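Protein chains in written order, with the UniProt record's numbering: chain A, 1 to 243; chain B, 1 to 373.
Quick list of in silico lysine-lysine cross-link-like pairs, DSBU-like style, CA-CA up to 35 Å:
1. B:K225 x B:K164
2. B:K90 x B:K35
3. A:K112 x B:K361
4. A:K113 x B:K361
5. B:K161 x B:K90
6. B:K161 x B:K198
7. B:K53 x B:K246
8. A:K135 x B:K364
9. B:K364 x A:K113
10. B:K123 x B:K161
11. B:K364 x A:K239
12. B:K361 x A:K135
13. B:K269 x B:K246
14. B:K361 x A:K239
15. A:K103 x B:K361
16. B:K361 x A:K131
17. B:K364 x A:K131
Computed from the model, here is a short list of chain A residues facing chain B with C-beta under 8 Å:
18. P56
19. A64
20. F67
21. Y68
22. G71
23. F128
24. E168
25. G182
26. P186
27. S191
28. T196
29. W203
30. L206
31. T207
32. Y214
Hint data in this document are derived by calculation from the structure and do not stem from the laboratory. As the structure is a prediction and not an experimental result, all values here were calculated from the model. Yeah, the Cβ is synthetic: ideal placement off N, Cα and C, and Gly gets one too.
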Amino acid sequence: MSTKKMSSAIGDLDSSGIESTIEAVYVYEAPVRLWHWVNAGAITVLALTGYFIGSPLPSMSGEASDFYVMGYIRFFHFVAAYVFAIGMIGRIYWAFVGNGHAKQLFVPPLLKKSWWREVWHEARWYAFLEKEPNKYVGHNPLASLFMFLMFVVGSIFMIFTGFALYAEGQGTDSWWYDAFAGWLIPLFGQSQDVHTWHHLGMWFILTFVIIHIYAAIREDVMSRQSLVSTMISGWRTWKDDRR
Amino acid sequence: MSNTELAQSVDSKSPIESFYDVMRRQGISRRSFIKYCSLTATALGLGPAFVGKIAYAMENKPRIPVLWLHGLECTCCSESFIRSAHPLAKDVILSMISLDYDDTIMAAAGQQAEAIIDETIEKYDGNFILAVEGNTPLNQDGMSCIIAGKPFHHQIERVAKHCKAIISWGSCASWGCVQAARPNPTQATPTHKLITDKPIIKVPGCPPIAEVMTGVITYMVTFDKMPTLDRQGRPKMFYSQRIHDKCYRRPHFDAGQFVEEFDDENAKKGYCLYKVGCKGPTTYNACSTIRWNEGTSFPIQAGHGCIGCSEDGFWDKGSFYDRLTDVHGFGVEADADEIGLAVAGATGVAIAVHAAASALKSAKNNHDNNIGE
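Using the sequences and the accompanying hints, generate a full structural model.
Pasting the structure below:
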């Protein structure tokens, strides 16, 4: 990466915009990378503690005053939830002030026909029907669609249902209740329905994580661009200089 | 004094008697009356300054006429109501409200009873309270519930048109309850879906707690207004907390001490019933504070989890011992964890296959490239 230079194509997410001579593009700015890894930690804590809230560990014996097991599990769930939610707000803010790639996560061009053709092309690549994937500075179109549908939609769903459940503990007079629970719980039916959907949401996010990690590693190995290292250094590099 | 006599006495004295008049007539002294006012103020959590206001209200406000209609129901709400200890149901019926019509507990019957409805509508048009126990079946032209020879929905729609406000007693009138459970063959309909132009107070529960029922009435006659309601129409003073929030076993929950099975050692020790399916964390009601039968006990205290009877559609949320609802529509019933594990597992297997195929393809490409070179 001796000849790093900022690409004129930054912000242009089509494969055609990449000049073959460019060796590296700065894609993920520091706040995005920091957010990514903090988020990964938060989701891990949330899934683990969340699972144990739903299916608690074997019962403790002894005096109740000696233990605070569920209390701590719930506490860490709530702390991680705040990290996750505030991180999401920060990430949305960065979509406005960061570089062009920072927006990609939130606004897949769902109405663009050529983009859907590229989604199809990438799908065929994953199905071993294309010899070679296209090159992309940011997410490839299929990844972009997947990130939006599973991660963005899933996360927002979890944040709203999660804070609705948190609001129940805070009480009906709390602002959390007015902001999240008061309208959301009747929308789902009752509290138990929100619990059920929040629980299903955990598995949804977990499925996302599995596919995300697999696809990132596989792409890192098999595609024509760097993946995992890009989320660490921020720079996208290419393995060949063809278009 | 029967209800008919009561109705007649109201009839003969115009304007309507105040609460105070009725109490004096029943031989209650002024001194006892003031005591009653201070007790009521305490019960409602009000300061001593309110004693005078309550006394004034009782002396000057006319008693509210109440028509208590019974639709498709099991009468458990009435059974609960008549067991109220603070205040006694007797006091509510005889001194606080003028319960003009309640076919289950009134002395009059037949046409004599039905005539009271006409009379009340005529005399207190727009000024009486309609209390509904049970709900209204609409299928088969409402034939599943016949009152005085006519479908119940004729009666409720007519009375509702003239009332000031409606109290929906119990889960039936509030949400639908068992008769509205899937597939709801009679199309049993809760009050708020039938009557949309009147203020409605929901007092859910199967049945609601006696003191909650009488408490709502006490509040309304004392302050001459509706209690503060939440977004779903339940009085906040009784339904703003979950069973779990004020459960006396909550310390065991926080400590992580659970009953694993109903007959284990932990059950004897009174640990938290969360793992055996207690719905306390998802149920808004006052059982864990007010309790039942003069504050004697409530289900969790008796060693059984809450079944969530005051929640919307509690018959349709799966087993009484599941805190999450089984998801239908997958061919088989499955809970959230089964579905999640299946999806995550299938994803894992698919990824393993895909990774193997990818590796093969990589190897082949390398091989081809090597040959090509």
